[in-house]
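Note that the protein sequences, when read in sequence, are chains A and B.
Its first residue numbered 1, the first sequence is counted upward by one per residue in this note's numbering.
Its first residue numbered 1, the second sequence is counted upward by one per residue in this note's numbering.
Worth double-checking, as some hints may not be accurate.
What the hints assert, rightly or not - If you only want the chain A side, here are some residues facing chain B, beta carbon under 10 angstroms, derived:
1. I35
2. S118
3. P271
Calculated directly from the structure, the hints in this document are not laboratory data.
Keep in mind it's a predicted model, so treat the numbers as computed, not measured.
For every residue, glycine included, the Cβ atom is placed at its ideal position computed from N, Cα and C.
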Amino acid sequence: MDEAAIDWRLTSSPKQNTVLIVDDLEGNARLLEAILRSDGHRCIAASNGQEALALVDRDHPDVILMDVMMPHLDGLQACRQLKSDPATRLIPVVLLTALQDSDSRIRGLEAGADDFISKPFNGAELRARVRSLMRIKCYTDDLDSAEAVIMSLALTIEARDRTTEGHCQRLAAYAAAMGEAMGLAADEVGALHRGGYLHDVGKVGIPDAVLLKPGKLTPVEFEVLKQHTVIGDRLCGELRSLHRVRPIVRSHHERLDGSGYPDGLRGDEVPLLAQIISVVDVFDALTTERPYKAAWSRGQAIEELHNDVRRGWRARGITDVFVSLVANDRLPVLAGTEARALTRGSAA
Amino acid sequence: MSERNSLHECKNQIGIILGFVELLLDEQGMPDSRRADLLEIQRAAQRLVTLLPSLTTSPPPALPTA
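Generate coordinates for the entire structure from the input sequences, incorporating the hints supplied.
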């Protein structure tokens, strides 16, 4: 499975209501299972943190109930690992502890635990808590799939225009490589990766007659095309998980001198991530063949980016980072249309 | 085993007793005499829980002397 497919799973877990119980004391695990089974949940069990991580990977549970004190990998360590992995961090983790001191709760919160239950626990309370966390998990699963719908929309647009095949994948890989080269935070690099796919999602609202027109657009047609930035921003607007991507979608055609669209932003008003996508977008458009032009060489495309800097359209610093990536052969190499060279930990 | 660990272990074991008793008590159609037996187990286990703190009142370790 390539990275994009992992990031944008189109299906949520088919096994609903699975609770993973992690406790080294068999009696406790059996008790928890008996209580939760009576409430209609499917239960799986592990006897330490290590086993739990393997089961999470295999069975994608919806809620995890985990003892703190366990051999091998304890509950806090396992929780920390689950919460640092984007693939598992949305699974609610409840720490079960016989200790009531606030110190262990603080350590649990620091490890990212979502809830605590003190032993000996009350069956009714346990059922209620698990039910409530299941509801939260359902919401986050829905969010995941909403994001996947928007993603597939973006790929549909690419498919409408055969000449742009692979453009999104390349952009995602190049933009994330830029973010890493610039030392941006992991969530910003993640936004660049998604932005590469989603920057033109608004083109779904642009008629084929305009989008696929082989010749030059009339001024009226160009005004219609410009709307793809605003439409895309609106499409992503409802999703919290895409809030970092929205500025890219809306502002990737802005220019530092204020001559871009849709808002005519100037200088620092143009979001950094949008400026980065803009550089790689133009580079990729120039170096690939389009109905109205042949593919330019990399040298010619870089010269054009320098011209943009001289015209006051884009920042020299950002452009130079990209030029040095190209010059040092550090752009991710893509096999076919798949982004293979990009190895971000967050995609695991 | 340290006192803290023993306390942890005791709470765990009593928790298992209480949990299963509670599950059994939830079952419908049980004769009253059986229910009374289970309630007796429950009361005893609950009493143990309240006794636990008094088992852990040993003085704190002496401070090292200079």
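- Task: Enumerate the violated hints, using their earlier numbering and listing them in ascending order.
- Result: Going through the list in order, the structure violates hint 3 alone and respects the others.
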